[in-house]
Amino acid sequence: MDNIYLPQLVKIVNIKEQSPTVKLFRLAPTQRSGLKKSKFETNDNGLVFIPGQFVLVGQIGYGESPFGPSSSPYENKFIEIVVRKAGTVTNYLHSLKKGDVITLRGPYGNGFPLDFIEGKDMVMATGGCGIPPIASLVEYIIKNKEKFGRIYVLYGARSPEEILMKDRIEEWKKEGIKVILTIDKPALGWDGYVGFVTDLIKEIQINEADAVATMCGPGPMMDALEKVLRPLGISDRRIFVSMERKMQCGIGKCQHCTTGSKYVCMDGPVFYYDEIEKNHD
Amino acid sequence: MIIISEKNLQDFLEKTKKDFDFFDVGSQDGKPSFKKYFFPPEEEIFRLSDSRIGTAKVSKKFILFGLNLPQLEALTQLDEIMEKPNKDYFYFQRRKQSFVIGLVKEKIDVAPGGDIVLEDRGKGQYRVLVNTLKGKNLIKNYNNFFETVDEKKEKIPQIPEGSSLSEWSKSMRQILLDSELLANAVEWSHGHPIWDELAQKCLGCGICTYVCPLCHCFSIEDRVGLDDKCSRCRKWDACTLPNFSKIAGGHSFRPNLKERYYNWFYHKFVRAYREYGKSQCVGCGACKHNCPAKIDIQEVLSVILRDYRSNQ
Numbered sequence: 001m002d003n004i005y006l007p008q009l010v011k012i013v014n015i016k017e018q019s020p021t022v023k024l025f026r027l028a029p030t031q032r033s034g035l036k037k038s039k040f041e042t043n044d045n046g047l048v049f050i051p052g053q054f055v056l057v058g059q060i061g062y063g064e065s066p067f068g069p070s071s072s073p074y075e076n077k078f079i080e081i082v083v084r085k086a087g088t089v090t091n092y093l094h095s096l097k098k099g100d101v102i103t104l105r106g107p108y109g110n111g112f113p114l115d116f117i118e119g120k121d122m123v124m125a126t127g128g129c130g131i132p133p134i135a136s137l138v139e140y141i142i143k144n145k146e147k148f149g150r151i152y153v154l155y156g157a158r159s160p161e162e163i164l165m166k167d168r169i170e171e172w173k174k175e176g177i178k179v180i181l182t183i184d185k186p187a188l189g190w191d192g193y194v195g196f197v198t199d200l201i202k203e204i205q206i207n208e209a210d211a212v213a214t215m216c217g218p219g220p221m222m223d224a225l226e227k228v229l230r231p232l233g234i235s236d237r238r239i240f241v242s243m244e245r246k247m248q249c250g251i252g253k254c255q256h257c258t259t260g261s262k263y264v265c266m267d268g269p270v271f272y273y274d275e276i277e278k279n280h281d
Numbered sequence: 001m002i003i004i005s006e007k008n009l010q011d012f013l014e015k016t017k018k019d020f021d022f023f024d025v026g027s028q029d030g031k032p033s034f035k036k037y038f039f040p041p042e043e044e045i046f047r048l049s050d051s052r053i054g055t056a057k058v059s060k061k062f063i064l065f066g067l068n069l070p071q072l073e074a075l076t077q078l079d080e081i082m083e084k085p086n087k088d089y090f091y092f093q094r095r096k097q098s099f100v101i102g103l104v105k106e107k108i109d110v111a112p113g114g115d116i117v118l119e120d121r122g123k124g125q126y127r128v129l130v131n132t133l134k135g136k137n138l139i140k141n142y143n144n145f146f147e148t149v150d151e152k153k154e155k156i157p158q159i160p161e162g163s164s165l166s167e168w169s170k171s172m173r174q175i176l177l178d179s180e181l182l183a184n185a186v187e188w189s190h191g192h193p194i195w196d197e198l199a200q201k202c203l204g205c206g207i208c209t210y211v212c213p214l215c216h217c218f219s220i221e222d223r224v225g226l227d228d229k230c231s232r233c234r235k236w237d238a239c240t241l242p243n244f245s246k247i248a249g250g251h252s253f254r255p256n257l258k259e260r261y262y263n264w265f266y267h268k269f270v271r272a273y274r275e276y277g278k279s280q281c282v283g284c285g286a287c288k289h290n291c292p293a294k295i296d297i298q299e300v301l302s303v304i305l306r307d308y309r310s311n312q
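First to last, the sequence lines map onto chains A and B. When you line the first sequence up against the working numbering, it's residues 1 to 281, in that order. When you line the second sequence up against the working numbering, it's residues 1 to 312, in that order.
A portion of the hints provided could be inaccurate.
Simulated pairs of lysine to any residue, SDA-like, Cα-Cα distance not exceeding 25 angstroms [said to hold, decoys possible]:
| id | chain 1 | residue 1 | chain 2 | residue 2 |
| --- | --- | --- | --- | --- |
| 1 | B | Lys229 | A | His94 |
| 2 | B | Lys278 | B | Phe22 |
| 3 | A | Lys97 | B | Gly249 |
Computed footprint of chain A on chain B; a stretch qualifies when at least three of its residues, placed anywhere within it, have a C-beta under 8 angstroms from a C-beta of chain A [to be verified]:
| id | segment |
| --- | --- |
| 4 | 82 to 91 |
| 5 | 238 to 250 |
Calculated from the structure, these hints are not laboratory results. Glycine is no exception: its CB is placed at the ideal position from the N, C-alpha and C atoms.
Hey, can you work out the whole structure from these sequences and the hints?
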């Protein structure tokens, strides 16, 4: 019997500032984690995690927080997470430098339904700090591009400075992904869209009969998006939302992340929209 | 049939007290839960020293004595909860180290849980039911205290009529028989005025969850010692407490006591039913006996069931 709460040690190999309050951390396995190899384990399909799954990253003495990795799931030398300064653990992570060692558990949860989305047009909508799981899904799709139809990423942020992963977004565009950005209020030097992500729906051209939407973002944004996607012809069973809840154990025991009869850590974090829509919380 | 006399039982217990740690949970109605012996209020799950992570050690072998019928049932249910979906390391380390001896005053055909169960036949005689291999070995190692008798030839007192359980417990256990009905009714009751009333009454203290043999919410918290040693601990938590579903940045998914209190019922009677096909309640009465606001779970369920039925 294994101690299921035991994390592995990982080393910060790179830090990239994303915005005044957000940093991206690249984490690699350490020799000290007990692993002989300096690579993360992959599944039968060569994936380190399924996009949409989460890891618990932290430090002993500070605690753990859940993050949806933003790196390509095929990348086994490192995992990248995007960290917004919000609480004890994230403030601590922001104080770290390259070479520091922290802890990682996971991946946990279900992730996006990779088999189901194959062959379909994709609308991936996200806002604010919800971009990481969508980013790793985009990387997955790029690697399997011939298996997908039209690919859209709709991404809203409060201001141009708060658009995260700008360098990656430029690369996605080069790969033929249609990325549409929007900000909440007009800003100097911004010639893109202004308004909510929901307003961007009219900009997309998809085969509504066989499209899939994935969402990760603030609750009100996801509710508003569903109201726009449904009239388009995308049913609730083709809308996949990644939910946020308090996480502690990550493995379906501690009860913190429940919503209705579902466990976000085990049954989710990715749900059909109608699975969680009417939950009492 | 294996039997043990009152005198032998006392001697047996005295002997085992010398050989193992010994805890008598008592079996009076409404007593706080025995769960702490397997799932303590706070425990270390691992510790970091010299940049190495080491799993915390678990206690030595012990005897847990005196679980009554609802408590034995609760233990069996708690085993299932801790087994799925991932086997809980610490809980099962302690379970492995334990010998659980039940003491019931009701006639039972099969032990509902524990390693051995003593059925109190009155007149200083107990029938011994062996439930596990561990229990069998325990009796084998202390066989001079136990007697194997032929029921047909020797006169063993029959178990007295009735039950040691309180009237409250008996009627609660009647309600629990139809866990599907309970699940439907409690789910239906979201929005029922009773939750507003209860939110006024409930102090949000979490005592009901601590004394419950089946509540198992926990938080993971880190502890830093003055000696520079760091450890990660898990502690009992209660879904009725304000920070239970609060995330970094301050957002709480259940900001009001009304939602949290409803969730407590929802977990016991709806989520548990969907997960295990059974309510997470054994009708022990601990929550009712220990609630400082005198909330009676049976009264609440009765109101909900009454209104649910009349609305169908």
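Hints versus structure:
At most 25 angstroms may separate the alpha-carbon atoms for a hinted pair to count; lysine 229/B and histidine 94/A meet this at roughly 23 angstroms. Between the alpha carbons of lysine 278/B and phenylalanine 22/B the distance comes to roughly 31 angstroms, so the proposed pair goes past 25 angstroms and is violated. Proximity of lysine 97/A to glycine 249/B is assessed by CA-CA distance (about 23 angstroms); at most 25 angstroms being required, the pair is judged to hold. For the segment 82 to 91 of chain B, the stated coverage by chain A is satisfied: 8 residues place a CB nearer than 8 angstroms to a CB of that chain, which reaches the threshold of 3.
Counting residues of the segment 238 to 250 of chain B whose beta carbon lies closer than 8 angstroms to any beta carbon of chain A gives 7, which meets the minimum of three for the stated coverage.
Hint compliance for this structure: hint 2 is the single one not met.
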